[in-house]
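Engineer: Position chain B relative to chain A; hints supplied.
Protein sequence lines correspond, in order, to chains A and B. Each residue of the first sequence is one higher than the one before, starting from 77 at the first, in the numbering used here. Each residue of the second sequence is one higher than the one before, starting from 45 at the first, in the numbering used here.
Read the hints as simulated data drawn from the structure, not as lab findings. Check before you lean on any hint, since a few could be wrong.
[Claimed, not checked] Below are the DSSO-like pairs computed for lysine-lysine, each with C-alpha atoms no more than 27 Å apart in a straight line:
| # | chain 1 | residue 1 | chain 2 | residue 2 |
| --- | --- | --- | --- | --- |
| 1 | B | Lys104 | A | Lys213 |
| 2 | A | Lys265 | A | Lys245 |
| 3 | A | Lys246 | B | Lys124 |
| 4 | A | Lys246 | A | Lys331 |
| 5 | A | Lys265 | B | Lys141 |
| 6 | B | Lys141 | A | Lys232 |
| 7 | B | Lys210 | A | Lys310 |
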Amino acid sequence: MRVKHLLLVSVLSVGVSTLCAQQAPTAKPVTRAPAASQAPASRAQAPAPRAGQAAPAKPALDISPPREQDSVRFGILGDTGTGDRRQFEVGAQMTKALQIFPFEFVIMLGDNIYGSERPQDFVKKFEQPYEGILSQKIPFYASLGNHDDPTQRYYKPFNMNGERFYTFKKGDARFFALDSNYMDQPQLKWIEEQLSRSNDRWKIAFFHHPLYSSGARHGSEVDLRTRLEPLFVKYGVDIVFAGHEHFYERVVPQKGIYYFTQGGSAKLREGNIRVNSALTAKGFDTDNVFMVAELGKESMQFQVVSRTGRRVDSGSLPLMPEPKASDDKSRSQ
Amino acid sequence: MLKLRRWHVLRTVLALMFSALCIGLPAGHDVGATTVAAAAAVARQAPVNPLAQSMAEFKKRVDAYLQLRKAVTDKYPEVKETGNPAKISEREKNLGKGIALARPHAKAGDVFGPVSHQLLKIVEDDWNSRSAADRKALLSELPPGIQLKVNQAYPTNIPLATVPPKLLAQLPMIPEELEYRLINRRLLLRDRDANLIVDVLVGTEPKRAE
Numbered sequence: 077m078r079v080k081h082l083l084l085v086s087v088l089s090v091g092v093s094t095l096c097a098q099q100a101p102t103a104k105p106v107t108r109a110p111a112a113s114q115a116p117a118s119r120a121q122a123p124a125p126r127a128g129q130a131a132p133a134k135p136a137l138d139i140s141p142p143r144e145q146d147s148v149r150f151g152i153l154g155d156t157g158t159g160d161r162r163q164f165e166v167g168a169q170m171t172k173a174l175q176i177f178p179f180e181f182v183i184m185l186g187d188n189i190y191g192s193e194r195p196q197d198f199v200k201k202f203e204q205p206y207e208g209i210l211s212q213k214i215p216f217y218a219s220l221g222n223h224d225d226p227t228q229r230y231y232k233p234f235n236m237n238g239e240r241f242y243t244f245k246k247g248d249a250r251f252f253a254l255d256s257n258y259m260d261q262p263q264l265k266w267i268e269e270q271l272s273r274s275n276d277r278w279k280i281a282f283f284h285h286p287l288y289s290s291g292a293r294h295g296s297e298v299d300l301r302t303r304l305e306p307l308f309v310k311y312g313v314d315i316v317f318a319g320h321e322h323f324y325e326r327v328v329p330q331k332g333i334y335y336f337t338q339g340g341s342a343k344l345r346e347g348n349i350r351v352n353s354a355l356t357a358k359g360f361d362t363d364n365v366f367m368v369a370e371l372g373k374e375s376m377q378f379q380v381v382s383r384t385g386r387r388v389d390s391g392s393l394p395l396m397p398e399p400k401a402s403d404d405k406s407r408s409q
Numbered sequence: 045m046l047k048l049r050r051w052h053v054l055r056t057v058l059a060l061m062f063s064a065l066c067i068g069l070p071a072g073h074d075v076g077a078t079t080v081a082a083a084a085a086v087a088r089q090a091p092v093n094p095l096a097q098s099m100a101e102f103k104k105r106v107d108a109y110l111q112l113r114k115a116v117t118d119k120y121p122e123v124k125e126t127g128n129p130a131k132i133s134e135r136e137k138n139l140g141k142g143i144a145l146a147r148p149h150a151k152a153g154d155v156f157g158p159v160s161h162q163l164l165k166i167v168e169d170d171w172n173s174r175s176a177a178d179r180k181a182l183l184s185e186l187p188p189g190i191q192l193k194v195n196q197a198y199p200t201n202i203p204l205a206t207v208p209p210k211l212l213a214q215l216p217m218i219p220e221e222l223e224y225r226l227i228n229r230r231l232l233l234r235d236r237d238a239n240l241i242v243d244v245l246v247g248t249e250p251k252r253a254e
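Same shape as in the complex, but just chain A (with noise of 0.2 Å):
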């Protein structure tokens, strides 16, 4: 009797503490209903040892190399031009980074240059932390942020062949680089006349301020999303990248359009996004971040890898199907 009721009390506490555990607060990241599926275990890593072996090292940068042959392949980095140590680092993970997945280009969301921009803050918050990018011929593509002189349009390693917002074509996809600071009507225009002649399989817009966010300082910017997005869901962008935000958030597709926030490649704004936002698909704000994808036939791969080399999100998207012309909600989710 009395070894039933131990038995039973032992049963009963193990109970509880397992309750606990399971109900104890855990620290962020913060992560939510993924729409993404996970990235295939094939990793470029050595591979798992052998009984009797010393586990090897932890890798320094956990990225996989790219599944299809000849997808487009581009790295994507937000808010980065402080020329401080978290930089550097970042561009040192994203150097390494190239070895595994070869990225042809880099595109900027904005803020590139913050303070001055005198000919040295160029060097300092630019050329010398993707000085191992630059070096390889890898060019970049910026945008404009709210920091950025529009002067920034004629600095030819950013690519913007002197316009506020342009557009340039890699492979299968159509990338449109947007000036969110300022949304002016002949702007306007040139997106939806852009927007309308392209055929492009994929159409990418990357720009400053998000459209959808959970950061408790901005948030969305929904004046700007009353102007954009009528137009992305008529013409069928599929993704759309945007800073602005010091963190990484994947927000939960929207009306067929899928949404990253990435403006945390440099400056940080520790535990911003909100705890309890129903757009968070995906969130990472304790730590810098630089991002990796790669367009395939069907899908976009991405991966997201914070500045000690962790691997913080990765998946595969699938390519939504062309808006029809009649009926724009065809895209709505």
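Structural biologist: For chain B alone, coordinates are given in the frame of chain A:
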């Protein structure tokens, strides 16, 4: 004969009265001369849309600024894309200095001119239409107490404050060389390549906290 003469006089008087009625002038004028003078008078007295008049005046002032600017840009032609940022910043500085020197007496309101009232109303209405969170976001972009003066360079240590697209859609269109900026609720006109404050909207002092 007398009857015929009376009829002739009556006919002439009637014709004169008719003409006078048509052009809205008192009778008794010479008809040919009156028609031209009256047409000019009518044009002078025609009701004018004050908004259109202010906008036309604003456009005139913007054009005058661009003309003045052109004289300076001719000396410092547009930089083609360059890998040397020194060339970009040098041109920006030269342009700013050159334009400021060419308009040494420029003061707030010189370019906005008579359209200032309408612009103040547009800015105010836009502000009032925004949510508390939206207002906070707009104000948090910049530190308080920024003093901006006409003919000065826009400070490089503060962000180029975002102009809300809804507000931008309501403001009169301006050429690509210029842009509006909203600094703590105060609207200003900035020369994009010269980084020069061209004009500041004068009027009610913007309140920061609400």
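Engineer: Hint by hint, work out which the structure violates, then give me just those numbers in ascending order.
Structural biologist: Hints 1, 5 are the ones this structure does not satisfy, whereas the remaining hints hold.
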